[in-house]
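Student: The lines below spell out each chain.
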Amino acid sequence: MQKDYPFAADIKASLASAAIRPLTPAYQNISIVISHSVSPPASIKPESTEKTMHSQISDALNSKGLVP
Amino acid sequence: MSADTQTIAAEPVSAPVAKKQKKQLSEGARAERRLGFILCAPAVIIMLAVAAYPIIYSIWLSLQRYDLRFPDQAKFIGFSNYGAVLSSRYWWEAFFNTVVITVVSVVIELALGMALALVMHRTIWGRGGVRTSILIPYGIVTVVAAYSWQFAWTPSTGYLSRLFGDAAPLTSHWQAMAVIILAEVWKTTPFMALLLMAGLALVPEDLQKAAKVDGASAWQRFTQVTLPLMKPAILVALLFRTLDAFRIFDNIFILTSGGHNTGSVSILGYDNLFTALNLGIGSAISVLIFICVAIIGFLFIKGFGAAAPGSEMR
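Chains S and Y are the protein sequences, given in the same order. This note's numbering numbers the first residue of the first sequence as 179 and each following residue consecutively. This note's numbering numbers the first residue of the second sequence as 254 and each following residue consecutively.
These aren't lab readings, by the way, just hints derived from the structure by calculation. Incorrect hints may have been included.
[What the hints assert, rightly or not] If you only want the chain S side, here are some residues facing chain Y, beta carbon under 8 Å, derived:
id: 1; residue: K190
id: 2; residue: P203
id: 3; residue: A204
id: 4; residue: Q206
id: 5; residue: N207
id: 6; residue: S209
id: 7; residue: V245
id: 8; residue: P246
In this text, a Cβ means the ideal position worked out from N, Cα and C, and glycines have one as well.
Can you make the complete structure from the sequences, with help from the hints?
Tutor: Take a look at the structure:
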């Protein structure tokens with residue numbers, strides 16, 4: 179197992195911290211705006227990125243947001 | 254030439270006269286006009302059904318909160334959707350990309366298309382073969398061509414990628430834009446050349462000969478005789494290509510699907526309509542694209558004096 183899947187330990191570790199996806203009808207929008215604002219990871223600025231994500235998610239819930 | 258200028262000058266004078274005469278139409282003329290309206294009616298009704306109705310419906314949708322995931326909350330919200338689109342960073346990024354792609358590709362196409370049109374016009378031997386081979390890219394389905402460009406630029410499968418040392422141009426913004434423009438130019442230059450060739454046929458051979466007798470060089474004959482005479486054809490070709498290029502969708506959709514910030518406004522509209530299922534925002538984007546296209550057409554026809562499609566070329 180370890181030989182065939184050398185990354186098995188990493189996958190197991192990530193499963194330990196797994197959470198359910200956001201439960202919302204606007205899942206598509208929310209997942210797109212989140213992945214878009216945290217990519218590329220080098221451009222994340224914790225304070226402002228969090229604010230953008232917050233405003234974009236609330237826009238999505240009000241059918242006001244655009245998806246890139 | 255002098256006859257042409259006379260008719261242009263005479264038009265404004267004759268127009269008010271025609272207006273005055275409208276009331277005094279004879280019985281026969283009125284019957285003829287009625288018959289004309291009746292004969293036009295079927296075509297007008299079909300056009301209204303297939304063109305006007307969808308346009309008006311999308312304008313109506315764009316004024317509502319109409320999200321297929323919140324169907325119960327659909328309501329009229331005025332111009333809020335337009336506010337949301339126009340204040341969004343994504344719209345302006347897509348708009349900028351579209352303008353860059355449009356301007357660069359149309360300029361390259363005009364230069365290349367003119368060269369190809371001259372080649373097609375001047376070939377004596379094997380005319381049919383030359384014209385056919387030039388027109389082949391235009392005959393290939395855009396999506397098929399876009400897939401072959403995508404494979405060619407993918408490392409480990411593509412010959413173009415290998416040629417540049419396993420380059421992956423579709424994974425960075427400006428290189429991907431260059432590939433999109435290249436695919437667009439390759440695809441539609443023949444169309445440009447075809448329209449320009451029709452313009453070249455308008456230039457009388459006698460004028461070229463007369464200029465030659467006067468000692469004009471080949472370049473002078475091209476810029477002083479050929480270009481001014483085919484100006485209407487050039488403007489129509491530019492108008493058609495600019496309108497098409499502004500609505501670019503299929504090439505981008507296959508090559509990058511709008512990744513790495515290469516999306517055009519049409520891609521943005523598609524994503525918001527069909528990925529996000531937000532009919533209100535998506536319709537607002539579509540209407541804004543429609544307005545942009547209308548402005549481009551207006552600028553070309555009023556600003557540069559291009560002949561409107563369907564009207565007679567002078």
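Student: Hint by hint, say whether it matches the structure.
Tutor: How the hints compare with the structure:
Taking 8 Å as the C-beta contact cut-off toward chain Y, the hint placing K190 of chain S at the interface is violated, the least distance being around 30 Å. A distance limit of 8 Å between C-beta atoms decides the matter here; for P203 of chain S the minimum to chain Y is near 4 Å, and the interface restraint holds. For A204 of chain S, the suggested interface contact is upheld, since its CB lies about 6 Å from the closest CB of chain Y, less than 8 Å. Annotation: interface hint on Q206 of chain S holds; nearest CB of chain Y at approximately 6 Å, less than 8 Å.
Hint status for N207 of chain S relative to chain Y: holds, with the closest Cβ pair at about 5 Å, below 8 Å. A least Cβ separation of about 11 Å between S209 of chain S and chain Y goes past the 8 Å threshold, and the interface hint is therefore violated. Nearest Cβ of chain Y to the Cβ of V245 of chain S: about 5 Å, under the 8 Å cut. The hint holds. For P246 of chain S, the suggested interface contact is upheld, since its CB lies about 5 Å from the closest CB of chain Y, less than 8 Å.
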